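Residues in the sequence shown are numbered from 1 upward in steps of one, following the working numbering.
Derived from the structure by calculation, the hints contain no laboratory data.
All figures in this text were calculated on a predicted structure; none of them were measured in a lab.
Cβ coordinates follow ideal geometry from the N, Cα and C atoms, glycine included.
There's no promise every hint is true.
Said to hold, decoys possible - Pair ranges (Cβ atoms, derived):
hint: 1; residue 1: Thr33; residue 2: Pro13; range: 20 to 28 Å
hint: 2; residue 1: Leu68; residue 2: Pro141; range: 31 to 39 Å
hint: 3; residue 1: Gly88; residue 2: Pro35; range: 15 to 23 Å
hint: 4; residue 1: Gly63; residue 2: Gly116; range: 18 to 26 Å
hint: 5; residue 1: Thr33; residue 2: Thr120; range: 26 to 34 Å
hint: 6; residue 1: Arg105; residue 2: Tyr132; range: 36 to 44 Å
hint: 7; residue 1: Gly4; residue 2: Asp87; range: 14 to 22 Å
hint: 8; residue 1: Asp140; residue 2: Pro38; range: 17 to 25 Å
hint: 9; residue 1: Pro35; residue 2: His131; range: 33 to 41 Å
hint: 10; residue 1: Pro35; residue 2: Glu72; range: 14 to 22 Å
hint: 11; residue 1: Val10; residue 2: Asp140; range: 17 to 25 Å
hint: 12; residue 1: Arg61; residue 2: Asp39; range: 23 to 31 Å
hint: 13; residue 1: Gly118; residue 2: Pro13; range: 15 to 23 Å
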Amino acid sequence: AAIGKAAAMVDGPLMLTGHSAGGHLATRMVTTTTPLAPDVARRIRHVVSISGLHDLRPLMRTGMNKDLAIDEEEALAESPALLRPMDGARITCWAGGGERAEFLRQNALLANIWTGLGATTSTVVEPDRHHYDIVDGLTDPAHPLTQSLISS
Numbered sequence: 001a002a003i004g005k006a007a008a009m010v011d012g013p014l015m016l017t018g019h020s021a022g023g024h025l026a027t028r029m030v031t032t033t034t035p036l037a038p039d040v041a042r043r044i045r046h047v048v049s050i051s052g053l054h055d056l057r058p059l060m061r062t063g064m065n066k067d068l069a070i071d072e073e074e075a076l077a078e079s080p081a082l083l084r085p086m087d088g089a090r091i092t093c094w095a096g097g098g099e100r101a102e103f104l105r106q107n108a109l110l111a112n113i114w115t116g117l118g119a120t121t122s123t124v125v126e127p128d129r130h131h132y133d134i135v136d137g138l139t140d141p142a143h144p145l146t147q148s149l150i151s152s
């Protein structure tokens with residue numbers, strides 16, 4: 001609902017980004033089962049998933065899942081890596097070199113799978129960044145992360 005409301009406030013193409021679970025949500029918006037209205041989804045030109053969670057199944061084996069309560073059905077239905085990208089989807093998967101191994105795996109996973117499904121994908125591993133400072137580049141208009149997001 002928030003993306004639809006924001007989209008109604010501006011004209012032209014939309015670029016989405018999100019970090020960690022937000023990367024999952026931004027990526028989920030460009031799957032063939034997107035919850036977005038078709039007129040909004042068609043305007044998305046680029047998604048940058050920063051340390052995104054693209055396969056939710058590993059979360060089922062963590063202590064966090066006591067609160068999250070993700071089951072197999074939900075993980076299969078909501079994991080972007082297990083879904084088809086919309087036609088014309090363009091995604092950049094961005095992570096820090098100091099991330100935990102699972103975030104680096106998920107960063108490469110989505111780009112590898114979606115390339116085979118026709119999406120335009122790229123991956124970036126930014127050296128000397130970790131899960132909590134990887135988003136700092138968004139504060140600098142000249143930083144490669146910001147430039148990647150707004151590139152057309």
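Hints, verified against the model:
1. Between Thr33 and Pro13, the C-beta spacing of about 22 Å keeps the proposed range 20 to 28 Å intact.
2. For Leu68 and Pro141, the hinted distance range of 31 to 39 Å is satisfied, since their beta carbons lie about 35 Å from each other.
3. Distance hint check for Gly88 and Pro35: the Cβ-Cβ separation is about 18 Å, which falls inside the suggested range of 15 to 23 Å.
4. For the hinted restraint 18 to 26 Å between Gly63 and Gly116, the CB-CB distance of approximately 33 Å leaves it violated.
5. For the hinted restraint 26 to 34 Å between Thr33 and Thr120, the CB-CB distance of approximately 20 Å leaves it violated.
6. For Arg105 paired with Tyr132, a C-beta distance near 19 Å fails the hint of 36 to 44 Å.
7. For Gly4 and Asp87, the hinted distance range of 14 to 22 Å is satisfied, since their beta carbons lie about 20 Å from each other.
8. Here the CB-CB span from Asp140 to Pro38 is close to 35 Å, at odds with the stated 17 to 25 Å.
9. For Pro35 paired with His131, a C-beta distance near 26 Å fails the hint of 33 to 41 Å.
10. Checked against the hint of 14 to 22 Å, the pair Pro35 and Glu72 passes, with Cβ atoms roughly 21 Å apart.
11. The hinted range of 17 to 25 Å is satisfied by Val10 and Asp140, whose Cβ atoms lie roughly 22 Å apart.
12. The given range of 23 to 31 Å is broken by Arg61 and Asp39, whose C-beta atoms sit roughly 39 Å from each other.
13. Taking the beta carbon of each, Gly118 and Pro13 are about 20 Å apart, inside 15 to 23 Å as hinted.
When each numbered hint is compared with the structure, violations occur for hints 4, 5, 6, 8, 9 and 12.
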